[in-house]
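A.B. asks: Assemble chain B onto chain A, guided by the hints.
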Amino acid sequence: DTGVSQNPRHKITKRGQNVTFRCDPISEHNRLYWYRQTLGQGPEFLTYFQNEAQLEKSRLLSDRFSAERPKGSFSTLEIQRTEQGDSAMYLCASSPWTGVNEQYFGPGTRLTVT
Amino acid sequence: GDSVTQMEGPVTLSEEAFLTINCTYTATGYPSLFWYVQYPGEGLQLLLKATKADDKGSNKGFEATYRKETTSFHLEKGSVQVSDSAVYFCALSDTGNQFYFGTGTSLTVIP
Chain A
9 DTGVSQNPRH
19 KITKRGQNVT
29 FRCDPISEHN
39 RLYWYRQTLG
49 QGPEFLTYFQ
59 NEAQLEKSRL
69 LSDRFSAERP
79 KGSFSTLEIQ
89 RTEQGDSAMY
99 LCASSPWTGV
109 NEQYFGPGTR
119 LTVT
Chain B
164 GDSVTQMEGP
174 VTLSEEAFLT
184 INCTYTATGY
194 PSLFWYVQYP
204 GEGLQLLLKA
214 TKADDKGSNK
224 GFEATYRKET
234 TSFHLEKGSV
244 QVSDSAVYFC
254 ALSDTGNQFY
264 FGTGTSLTVI
274 P
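For the protein sequence lines, the chains are A and B, in the order given.
Numbers 9 to 122, taken from the numbering used here, label the letters of the first sequence in order.
Numbers 164 to 274, taken from the numbering used here, label the letters of the second sequence in order.
With the rest of the complex left out, here is chain B:
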């Protein structure tokens, strides 16, 4: 069945460091891919998405490219800020009827 494997955390970075959070997926079809973020004390919210191969999703300085050949959707940011401290979830959905989430990666950015 469909699934998402996400880089385990926690990840601790200094402000302005480069961030990569790895995400790979298994799917029988051609899913849409998502990154969600959960800030402390808040609900999950969409960070970015990509709906087909080679699409790049971007938002708030974060980017992820849908790589069909490597079945990956790694999240990157060139310069993290303290306010980026949160838990990040990779997710996929093939039909929109069911979504599969990774286990989440906790990011802490220190000044």
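With the rest of the complex left out, here is chain A:
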């Protein structure tokens, strides 16, 4: 296994457009997380999946954001009607189900909204 992968690596879109990102976790990992990171800041938690169930979602997360993990494997994060403030690095991480365990991060998708 080569680790967590994310696609695309970069996305440039115009304000108002919808974008979708994909994350493929490490195959045996049940847990999957999405984060947003802006320059000079740490990762900000967005949402968490245990297998296909979305168990946690940040209270700060706009309704324009939605995430799915339909078969408990890969996950998608969609942002509708993008705004310039959505420009950030979107990170995906996965971890096995053994209590509180370390996460393995993907390389991220850099979104630029013009």
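Source of the hints: derived by calculation from the structure; they are not laboratory data.
There are no misleading hints in this set.
Heads up, incomplete: computed chain B residues facing chain A, CB under 10 Å, no partners named:
id, residue
1, Q201
2, Q208
3, D257
Result set (DSSO-like, lysine-lysine): computed pairs, CA atoms no more than 30 Å apart in a straight line:
id, chain 1, residue 1, chain 2, residue 2
4, B, K240, B, K219
5, B, K231, A, K65
6, A, K65, A, K19
7, A, K65, B, K215
8, A, K79, A, K19
9, A, K22, A, K65
C-beta: ideal position from N, C-alpha, C; glycine also.
C.D. replies: Quick look at chain B alone, frame taken from chain A:
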């Protein structure tokens, strides 16, 4: 709610100097604590962790001790190298459902 406060950078040190990066936390439960590192052009990777009070995490010459009495998890290394130049993030998680990260501390080690 849970949170992490991390020493602000950037930090610049000469090779072989002693490193301390401070991290304090606020949590309602008994979280696990982590240090992640992000090398230039790479993704975040786990450096070390501690799951209960008085545990010491260590890796690659770095150490951090989980201090419940001071709610701290300071990162230390006795002799830094140029290759340690990176951004370091302190993080916590109580249940594993949600992780809280600090803002990161940039370290530059000069020869």
